[in-house]
Amino acid sequence: MLFPTIEFAVFFAVVFPITWLLNSQNTWKKLFLTAASYYFYAYWRLDFTLLLLLSSVFNYGAALAIDRCNDRRLRLATLWVAIVANLALLVFFKYWNFLVATLINVSSAAGWTVDLGFVELPLPVAISFFTFHALSYIIDVYRRVLPPTRSLLDILFYISFFPHLIAGPIVRANKFLAQTLGPRDPKNIRLGESVFLILGGLFKKVIVANYLATGFVDGVFRDPAAASSLDLVLGMYAYALQIYCDFSAYTDIAIGVANLLGYEFPQNFNYPYRAVSVQDFWRRWHMSLSSWLRDYLYIPLGGSRFGTVATYRNIMITMALGGLWHGASWAFLIWGSLHGAALVVERMLGITGSGESPARAGGEGAPVKRSPLASALGWLVTFQFVSLAWVFFRAPSTDAWLGYFTTMFSGRSWSTTMTPFVAVIAGLGALSHILPPRLFENLQRRYDAASLPVKVAVPFIVIYLIAIAAPAGIAPFIYFQF
Amino acid sequence: MKHVAPAALMPPPAAKPLRAAALVIYGTLALLALAIPQSLTNWLRDMNENPVEALALRGAEVLQSAAERTGVPAVYRHARDAFIAISGVEPD
Amino acid sequence: MLSIGLNDQQFIVDGNGQRTAWGAPDWTDKYRHEVDEFLKAAVESRAIVLLVGMPAMRDARENTAIGDKNAMFAAAIGALGDPNLHYVEPWRLRADGAETFASYGPDKSGRLVQIRTTDGEHFTTAGEDLAASYLFPKIVEALDAAGKSLDRCLGRQTKDEHQAGDRVSDDAGPAVHR
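First to last, the protein sequences are chains A, B and C. Quick note: the first sequence, position 168, residue 168 per my numbering, numbers continuous. Quick note: the second sequence, position 56, residue 1056 per my numbering, numbers continuous. Quick note: the third sequence, position 163, residue 2163 per my numbering, numbers continuous.
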């Protein structure tokens, strides 16, 4: 079920009181929340709850088996078996057909015949997310970051917990499992923050992302060769805004909902389009994924510990696979590789993530903060690069990208099909980045200090206005397909 | 400059945060059900019939007719019509 | 030209606001009635209608449902017998034999590409290109049968007008040559 629907409102209205009524009986509470989460997942498709269950049980057992190994090599071998099993599941459902088609195409070009079958099975919703949750758990057990839990219920609960199940954020096992050990303190509910996250998420998804998609972006990307150059430029920026609003909306609502139930999720977005470098972008965009890739892929590959060439290689592999995680297509691989290449170029040029210049030659002195002009230039270049790269993410084929860029740079026509309404929506969406964060923080503080009637009136009025302006029907969140 | 302890700048913790959260959640849902009651009845009518759905639908219809007598749902309808007319989006 | 039915696995609302839930015993009859009313309205307006059957779906239940609907559409159009109404057999990946859902298929150059989306229902852009290539001749055929020119319908000069040097009132592109 989707967050901005009556179904979810009813679901949460039932889950919330029962969760807190059971709070002092932690095991029963976890059992209830796990059952509720499986119901939430089954709402998409019943048969895949079995897959979720099997994956959770397998990884529960794998972690115990890893921990039981005293021999270092056996411990590592057990970990690898578990990793391969998890990835095999992901590859089977998500990448098998893509790999088979690629192999057949390559073989055909070489004059060989390859006879491999395709798998026509539905792609389980959230498989990329729950696989990454499982991997983080077993790897952290191997690294002795946390002991394996003896409670199967805790693993079932961790992997299936409905706020993060479908589209993140990717919550680390060591952070979440610590929260399952006992009752949650209601004083940890940050009502103002949760309400603002949920309301902001609803506005970004229901209004901004939906109308940008249906009112402009979908049309431009459907047939780029027929669009004007201006429409293609605007379409590129509009999609950048759409995907940010769509994805951050989901995780904002997830974080807010989890907090109302007493659980803490990590922040997933931090004004990514304010980034002054691509490194900075990846510390602000889908932060839970980028930190996962850093900790479980980049660093095990060697990180930056084995010289310049190895570092560049590790960056490229991490970002290429990070792109491929989003979907089985060359488009995602190219998108990830572009970001990898940009990160490599930044390293070559000595550009750091935060906009600071590296220490002066000779290693003396503290890093020097960039001048405002340099930061502005960094922001401009980064935003253009990120927006251009999104075209690969959104356009469905090689012909489509080629058509997009060829036509965009041809200067063929400067008319636009963007309506004033869509322009206003885009402007409202852009405000999410333009307005200073302290404005929202101030509003939140005022909300927290307000009387109860005001606390009720604010979400009512905001949702009422969203309902007035909402399009008929709500499209699924973009990241549901990953 | 007078030193102010950081805690003084933080908003006071809610006296009963769970109670406040519950009132906000259910108060909001209740107001929305009164202000836009047709959303609930339409949603229930879209479901395949079963005893629970039939009971809930009867309740929602009672709520809707009570709300309609106050004139409040009409405000939403007029506002929505005005929005559709101004924005040019597809009508319901 | 239209292709309908997959999203119709839901309630039907009639002119009085009465709802018939999906799965109700009289749902099929009511749906058939809606289809008939739509086609009769098309006949009255003398529109040329091509109702395209839905292609094979991955889900077996959906596949059965769309098969039933396709048969309903074909029967309804056949019963009316109007020369402007055409039922178009659904696009198929395989020229013969039983048609089953396939997420990958050859594009125009013969390269295997994804042609159906991961939801097991819709076409990807590459798939849409294949479907469009299949459907375009059907459009032309239907227009020819009705004595209409595709070029004129698109506001362009017909081939004959172009050769004769006649002008069209629209500022249009070159004639469509088939």
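Don't read these hints as lab results, they were simulated from the structure. Accuracy of the hints is not assured; some may be wrong.
As the list claims (entries may be wrong) - Computed list of lysine-lysine pairs in DSSO-like fashion (alpha-carbon distance at most 27 Å, straight line):
no., chain 1, residue 1, chain 2, residue 2
1, C, K2108, C, K2138
2, C, K2108, A, K94
3, C, K2040, C, K2108
4, A, K175, A, K187
5, B, K1016, A, K94
6, C, K2040, C, K2138
7, A, K30, A, K187
8, C, K2030, C, K2040
9, A, K30, B, K1016
Just so you know, these numbers come straight off a predicted model, no measurement behind them.
Please flag the earlier hints that this structure goes against, numbers listed from lowest up. 3, 5
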